[in-house]
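One line per chain: the protein sequences are L and U, in this order. Each residue of the first sequence is one higher than the one before, starting from 1 at the first, in the numbering used here. Each residue of the second sequence is one higher than the one before, starting from 1 at the first, in the numbering used here.
Hints listed in this document are in silico derivations from the structure and should not be mistaken for laboratory results. The beta-carbon is built from N, C-alpha and C at its ideal position, and this holds for glycine as well. A hint or two may mislead.
What the hints assert, rightly or not - Here's a subset of chain U near chain L, in silico, CB distances under 10 angstroms, partners left out: (1) F67; (2) A71; (3) T184.
What the hints assert, rightly or not - Computed Cβ-Cβ distance ranges for the label pairs, DEER-style: (4) L:R53 - U:E157: 19 to 27 angstroms; (5) U:E128 - L:S87: 33 to 41 angstroms; (6) U:E99 - L:R163: 26 to 34 angstroms.
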Amino acid sequence: MDRETLTASIEAILLTASGPVAVAALVETLGDGEVDEKAIESILESIEVSWTRPDSGIRLEKVAGGWRCVTPATLDGVLRSYHGIASRQRLSQAALEVLAIVAHRQPVTLPEINFIRGTNSASVVRTLLERRLLRLAGRKKVVGKPFLYRTSKEFLVHFGLERPEDLPDPEEMVMDESAPVE
Amino acid sequence: MMTIEEQESNAPPVELTVFSGPLDLLLHLIRKNEVSIYDIPIVSICDQYHEHLRAMQELDLDIAGDFLWMASWLLHLKSKTLLPSTAEGEEDPREELVERLLAYRRVKELASYLHDSDIVRRCLWTPEVATQTRSSADPELDWEDVDLRLLAQTYLEVMQRFEASHPPPLEVLPLRYKVEEKMTDIYHRVRSDGLVPLLRDLNSRSDAEEVVTVVVAALELVRLRGVFAEQRKAFAEIYLRPGDRVLSEKELLQRGENGG
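Hey, can you work out the whole structure from these sequences and the hints?
Here is the structure:
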């Protein structure tokens, strides 16, 4: 496969994939023994460059260990108007706090989340499980065997992270203890 | 965030925000008073906290137990602060509170980062292509995709489907009563007693299988004309009396086998 065909094929796969596409999956589909990860990555990078133009409505992004195509955030209004979507529900403060705790300390149990937040978070956790931003990751081997929670792949995709560790360190964010928190 | 200004004649104005928990409210008070988180003036903060709770109660806001629990903890700390410390080098009673506030503040920081990220990221759209089969190139099962809850749910669904398509087999137990035995029994009783109340006889038996066998036996006897059945009116007692044929032992057993 020549580079032109490869580029076209990768674009086509990205455009029709239902989630981030791993480079390894591209190599397996397109590689005929000659194409390796390096070659695919170089093509992905040139696609990224060619799409990142003011007159282009698609962007390439690296997220959750793969690549996917998305629209630029600036076109949200146009798209919502075309699709007739008024507004989308935001994550509540409680939901964001629970996500922050799980993302930072995973795997973590509900009692641990409750303790850090100082308030019961059972219903928030349930909602986040339903929205698939959290996932169950077994049980902790302590009395009562509480469930352990982790962030999901959806979480990484939604917040544009490649790995959970890519989240900023809250210790670094609180440099000055008198700085406003909100 | 919703903010309600509450002005009372003798109470200082209390700003009511919807706090996500008691720690959130405490952080707010510490910031408002411009005091250090490491040196919280417990007496003043405790009083303000209780003032807030009172205002929330007056506005009929649902106050979760967590807020009340914190209120009692603050009172406890306040009383400890007001008492003269007995020993030098004693642990600061506020230490645990400070640690929890610091941990919670880190969470709030991260939550606010996620909030900003959420605002931008939810404006991104992705192609929506309904794929029926996943490509064969799928290298391996992606563990990030495996959710125990989903797995458990899937298992239940599979089991439900399996049970629906595989109903439990019908269990056929060997018959514990034989029609021919009952036929012989009833026939001889009718012959000797002249009149046998069938319903009373059936009611005296507790085993449903035996009842069925007796009914079948009685019907068979009636068919063979060895016994006649009489009922004066609907739902009344059914009396069995001798029929117009005399049945031999052999006939009873043979018919019984056919009837059974």
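message: Could you work out which of the previously given hints the structure breaks and list their numbers from low to high?
response: Numbers 2, 3, 4 and 5 - these are the hints that the structure violates, sorted from lowest upward.
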